[in-house]
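Asks: With the sequences and hints as input, model every part of the structure.
Just so you know, the sequences run in chain order A, B and C. Take the first sequence: its letter number 82 is residue 966 in our numbering, and every next letter is one higher. Take the second sequence: its letter number 100 is residue 257 in our numbering, and every next letter is one higher. Take the third sequence: its letter number 70 is residue 228 in our numbering, and every next letter is one higher.
Keep in mind the hints are simulated off the structure, nothing from the lab. Certain hints may be false.
So, partial list: chain B residues that the calculated Cβ filter (under 8 Å) puts toward chain A [as the list claims (entries may be wrong)]:
1. Ala-247
2. Ser-249
3. Leu-312
4. Ile-315
5. Val-330
6. Leu-333
7. Asp-353
8. Asn-356
Since the structure is predicted, the reported quantities are computational estimates derived from the model, not experimental observations. C-beta: ideal position from N, C-alpha, C; glycine also.
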Amino acid sequence: MKRSKTMELGVGLFMLAGIVGLVFLGLRVSGLSLSLPSDTFQLEANFANIGSLKPGSRVALAGVTVGRVESIELDTEWYDARVLMELDGQLEGQLPQDSTAAILTSGLLGEQYIGLSVGGAPETLADGDTLRDTQSAIVLEELIQKFVSSMIKE
Amino acid sequence: MIERIRHLGQQGCALLEALGRAGIFLGQSALGVPSREGFHLWLRQMHFVGVMSLAIVLVSGLFIGMVLALQGYTILVDFGAEQALGQMVALSLLRELGPVVSALLFAGRAGSALTAEIGLMKATEQLTSMEMIGVDPLRRVVAPRLWAGFVALPLLTIGFSVVGVWGGQLVGVEWLGVFEGSYWSNMQSSVAFVADVGNGLIKSLVFALVVTWIAVFQGYDLIPTSEGISRATTRTVVYSSLAVLGLDFVLTALMFGELS
Amino acid sequence: MFDNISKDDEAMTDSAFVEVESVHFSRGEMEIFRGVDLTIPRGRITAIMGPSGTGKTTLLKMIGGQLTPDAGHVRIDGQDVHALSRKALFVLRRRMGMLFQSGALFSDLDVYENVAFPLRVHTDLPEVMIRDVVLMKLQAVGLRGARELKPSELSGGMARRVALARAIALDPELILYDEPFAGQDPISMGVLIQLIKRLNEALGLTAVIVSHDIKETLSIADYVYVIADGQVMAHGTPASLDTDRDPRVSQFMHGEPDGPVPFHYPAMDFHADILGSGGPR
Chain A
885 MKRSKTMELG VGLFMLAGIV GLVFLGLRVS GLSLSLPSDT FQLEANFANI GSLKPGSRVA
945 LAGVTVGRVE SIELDTEWYD ARVLMELDGQ LEGQLPQDST AAILTSGLLG EQYIGLSVGG
1005 APETLADGDT LRDTQSAIVL EELIQKFVSS MIKE
Chain B
158 MIERIRHLGQ QGCALLEALG RAGIFLGQSA LGVPSREGFH LWLRQMHFVG VMSLAIVLVS
218 GLFIGMVLAL QGYTILVDFG AEQALGQMVA LSLLRELGPV VSALLFAGRA GSALTAEIGL
278 MKATEQLTSM EMIGVDPLRR VVAPRLWAGF VALPLLTIGF SVVGVWGGQL VGVEWLGVFE
338 GSYWSNMQSS VAFVADVGNG LIKSLVFALV VTWIAVFQGY DLIPTSEGIS RATTRTVVYS
398 SLAVLGLDFV LTALMFGELS
Chain C
159 MFDNISKDDE AMTDSAFVEV ESVHFSRGEM EIFRGVDLTI PRGRITAIMG PSGTGKTTLL
219 KMIGGQLTPD AGHVRIDGQD VHALSRKALF VLRRRMGMLF QSGALFSDLD VYENVAFPLR
279 VHTDLPEVMI RDVVLMKLQA VGLRGARELK PSELSGGMAR RVALARAIAL DPELILYDEP
339 FAGQDPISMG VLIQLIKRLN EALGLTAVIV SHDIKETLSI ADYVYVIADG QVMAHGTPAS
399 LDTDRDPRVS QFMHGEPDGP VPFHYPAMDF HADILGSGGP R
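Replies: The following block contains the structure:
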């Protein structure tokens, strides 16, 4: 029966390794977070153009990831995009009210993400507040078009 | 000409008949009532098809991950987008290479062994004698193997992908010098757990069922001679590989394609 | 262990235990049985003999319910084997033991577990009692000392004896022997003959032996059926068959190479063939 014990142990370890592997794929590879919902707070921002921003894209402050894009929907009043962000709870009540959000691109063709810049106002942003000052994604075609038309004028 | 058409019809009928037999076979063996005894038999088969296949699957996963990183880097660096390497490695592994390559390795390593083992049991009249003792060989011999394969292959696929991602990091970050933070963060922002990891696992479950089913059915249905066993073993590997690649296309079209 | 068990009383022994009634069977284009009738009496050793390829093993498989005849019936103790449900058939099979030509021991279990297998499956006996029964059966075939060996470590004769111990583990009423003497050396042949005879005498088992080893089979059989060309060619006690004047029976019983059963596979005339009347080969 000793042989069967080691066999059972082997199968047990095998299955455990599979489960650990799945957890690794979840946390490290797909970036799911185990932190509780109470650890985060939400901010909104309206952009004229979001480019290729997707739910799940990262939100960075000074290059450090501090949250993710929760959802994107069309604001039918202004016809622009309303982006809901979920940010690290530590930042709640810390960001000045005149902070700005810009859609940036990592590298020339990389992923798009939201970069936050800290303002200087004494009032701070709370859960559910909206960022007023935003800068849309740069669309390459528009940039080229502008460049070409300015060339023609000259 | 008429003779040819008749021959074609004959082959069609034979194919349908074989499919029908395989279907009945699957139903009869998979619907066994689990018992303590059955659990032990299953455990033994898990060891045989799962644990014993782990080494080959992990080593292959490592190399595939490393090659992906190397090839991906040379392409991406031309666009200045080498920080997207993690994303490329992870998505290729999770969506395609993990499920498909581990299923192919599984068919070669475990599937052929299952066919040969059951075939040998049939050739030495062990299955018949089991029946004469009053034990259904479908329950006793086939069912534990079927279920072990069904559980083992998805676990092996997970192992394959994990090791592959690590191998990609080894080559991309340690050797080629991609920034480690962007390797992981690009991966994390583009891989969706349900859509990528989940769909990959669904693929793997389908492949597990098909490969094990083909393997045990070929073993059970073969002509009990040494030539019959060798032919059935070859058929297992060929049919499983074709089924895996064909089903992979169908599943990919359903899951990731624009068709839906 | 057989000493103090008496044989069943005479009234029981003469009734038929297995009845095969006008069985027809064909495999593909080949007709194997064209109406075979057999009666196998309770508590006796009945031999089914015949040249190779006459379907003796097929007949045994029909009695065991593994093959279904195209027409006709097989009854065991009054039950029609092929009209039973799968479940009832498995219940009936617990009353039968079968010894296969190759032994058919389970290669992943050792000798002890092989003999214990039917007990574990069909009874709820505690481990201590299973051990007692297994050792008793192994003692009966003289292999109690080999209990820890794997089937691959056994010689052909030993494997067959272990298989016999397994076949009698559940004390069946009927035991089917498929070519028990084929490919055995004289010593293990003698051992097997003695075992089969002792089992029959001591336990009152009904035995069916399928074989083409004439001398050995006749030495223990009570009644013999000779099958050829898909039919029962002759039947009777060993003594009456030995003196049978039918040329076919006598050819088989005395092992003459040529006779009504030709030595040659059907072919064209030898002279015409060898002088090359045009064929490519």
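Asks: Work down the list of hints and note, for each, if the structure agrees.
Replies: Against the structure, the hints:
Given hint, Ala-247(B) at the interface with chain A, holds; its Cβ is 5 Å from that chain's nearest Cβ, closer than 8 Å. Interface hint at Ser-249(B): violated, since its Cβ lies 12 Å from the closest Cβ of chain A, which is beyond the 8 Å cut-off. The restraint placing Leu-312(B) at the interface with chain A holds, with a minimum CB-CB distance near 3 Å, inside the 8 Å limit. For Ile-315(B), the interface hint holds, since its Cβ comes within 8 Å of a Cβ in chain A; the closest pair sits about 4 Å apart.
Annotation: Val-330(B) was flagged as interfacial toward chain A, and the flag is violated, the nearest CB pair being 14 Å apart, outside 8 Å. Interface restraint check: Leu-333(B) against chain A, minimum CB-CB distance 16 Å, threshold 8 Å, status violated. Restraint check, Asp-353(B) versus chain A: the minimum CB separation of about 7 Å is within 8 Å; hint holds. At about 12 Å, the closest approach between the beta carbon of Asn-356(B) and any beta carbon in chain A exceeds 8 Å, and the interface hint on this residue is violated.
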